[in-house]
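A.B. asks: The whole structure should be built from the sequences, with the hints applied where relevant.
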Amino acid sequence: HYLQQLFELYKYLLERELLIKKDEMSQWSFTNIVSLGLRLGEYDWTAHFMDHLQTALPETDRTNAYNYNRANYHYHLKDYRAAQQLLLEVEYTSIFYKLNSRHMLLKIYYEETEFELLDALAHSIKLFLLRTKGLTGLQRKTNQQFIRFLLKLAKIKEQLTYQLDRNAISSARSLQGKIEEHPQLNSKQWLLEQVQLLQE
1 HYLQQLFELY KYLLERELLI KKDEMSQWSF TNIVSLGLRL GEYDWTAHFM
51 DHLQTALPET DRTNAYNYNR ANYHYHLKDY RAAQQLLLEV EYTSIFYKLN
101 SRHMLLKIYY EETEFELLDA LAHSIKLFLL RTKGLTGLQR KTNQQFIRFL
151 LKLAKIKEQL TYQLDRNAIS SARSLQGKIE EHPQLNSKQW LLEQVQLLQE
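In the working numbering, the protein residues as written are 1 to 200.
Please keep in mind that the hints were generated in silico from the structure rather than gathered at the bench.
One thing to keep in mind: the hints can contain errors.
To be verified - Ranges between beta-carbon positions, derived for each pair:
| id | residue 1 | residue 2 | range |
| --- | --- | --- | --- |
| 1 | Glu200 | Glu24 | 44 to 54 Å |
| 2 | Arg62 | Glu180 | 16 to 26 Å |
| 3 | Lys155 | Asn32 | 29 to 39 Å |
| 4 | Asp51 | Thr161 | 29 to 39 Å |
| 5 | His182 | Leu3 | 18 to 28 Å |
| 6 | Leu77 | Asp23 | 22 to 32 Å |
| 7 | Gln4 | Ala47 | 11 to 21 Å |
| 8 | Arg173 | Leu18 | 16 to 26 Å |
| 9 | Glu180 | Leu77 | 20 to 30 Å |
| 10 | Glu158 | Lys11 | 35 to 45 Å |
| 11 | Tyr43 | Lys133 | 31 to 41 Å |
| 12 | Tyr12 | Arg148 | 36 to 46 Å |
Predicted model only: the values in this text are computed from it and were never measured.
Just so you know, even glycine gets a beta-carbon here, dropped at the ideal spot from N, CA and C.
C.D. replies: Following this line, the structure appears as structure tokens:
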């Protein structure tokens, strides 16, 4: 309900051009609107928004912001090949793009059951989180916890991919409880959706 209200507020501001100053829109406002539209399943509206307002993005950020958000759009449509191709074109000009692009790739590898690629990327991100000084403690912690839960989830999924394992289903139920209880966790809803699918 809150997300829908926020979405309507963004549309109101867009209609009155209140998010555009000196003919430009912040890449972060652009990204927030796309993310919100995708979460609410407003795919047609979001595609129209991206295509028509990409020219309002600052020229220095335009290509990067558009490619990242277009990748996110294709990810939500489960067109993983297109999403991956666009992510290859995203330049890591900020920590946001570095983390979120890799975060999206982790989800793609999980959903495509590319467990070796998932494990390798997760290891790479763990090192990045340890070595990068520009991260806040909260950014580091929430990303580390997401990876920890995702690797456990992937292990269970791998067991169930090759054979029906009642112990794996029991592990999935246990993991679901731990995810639900966790107060601060990146992509918590996505993790819960995935762990529920393993129990069906």
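A.B. asks: Is the distance from the Cβ of Lys155 to the Cβ of Asn32 consistent with 29 to 39 Å?
C.D. replies: holds (34 Å)
A.B. asks: Should the hint that Tyr43 and Lys133 are 31 to 41 Å apart at their CB atoms be regarded as holding?
C.D. replies: holds (38 Å)
A.B. asks: Does the Cβ-Cβ separation between His182 and Leu3 fall within 18 to 28 Å?
C.D. replies: holds (20 Å)
A.B. asks: So the hint says 11 to 21 Å: do the beta-carbon atoms of Gln4 and Ala47 match that?
C.D. replies: holds (19 Å)
A.B. asks: Is 16 to 26 Å right for how far apart the beta carbons of Arg173 and Leu18 are?
C.D. replies: Cβ of Arg173 to Cβ of Leu18: about 47 Å, so the range 16 to 26 Å is violated.
A.B. asks: CB of Glu158 to CB of Lys11, is that within 35 to 45 Å?
C.D. replies: holds (42 Å)
A.B. asks: Check the following: the C-beta atoms of Asp51 and Thr161 are separated by a distance inside 29 to 39 Å.
C.D. replies: The hint (29 to 39 Å, Cβ to Cβ) holds, given that Asp51 and Thr161 are roughly 38 Å apart.
A.B. asks: Quick check on a hinted range of 20 to 30 Å for Glu180 and Leu77, using CB atoms only.
C.D. replies: Holds: the Cβ-Cβ distance is about 28 Å, inside 20 to 30 Å.
A.B. asks: Would you say the C-beta atoms of Tyr12 and Arg148 sit inside 36 to 46 Å of each other?
C.D. replies: holds (40 Å)
A.B. asks: Confirm or reject the claim that Glu200 and Glu24 have a C-beta distance inside 44 to 54 Å.
C.D. replies: Between Glu200 and Glu24, where Cβ atoms are some 46 Å apart, the hint holds.
A.B. asks: Within 16 to 26 Å: is that where the Cβ-Cβ distance between Arg62 and Glu180 falls?
C.D. replies: Roughly 40 Å apart at Cβ, these two residues miss the hinted range, so it is violated.
A.B. asks: Could you see if the CB distance from Leu77 to Asp23 stays within 22 to 32 Å?
C.D. replies: Between Leu77 and Asp23, where Cβ atoms are some 30 Å apart, the hint holds.
Checked against the numbered hints given earlier, this structure breaks hints 2, 8; the rest are met.
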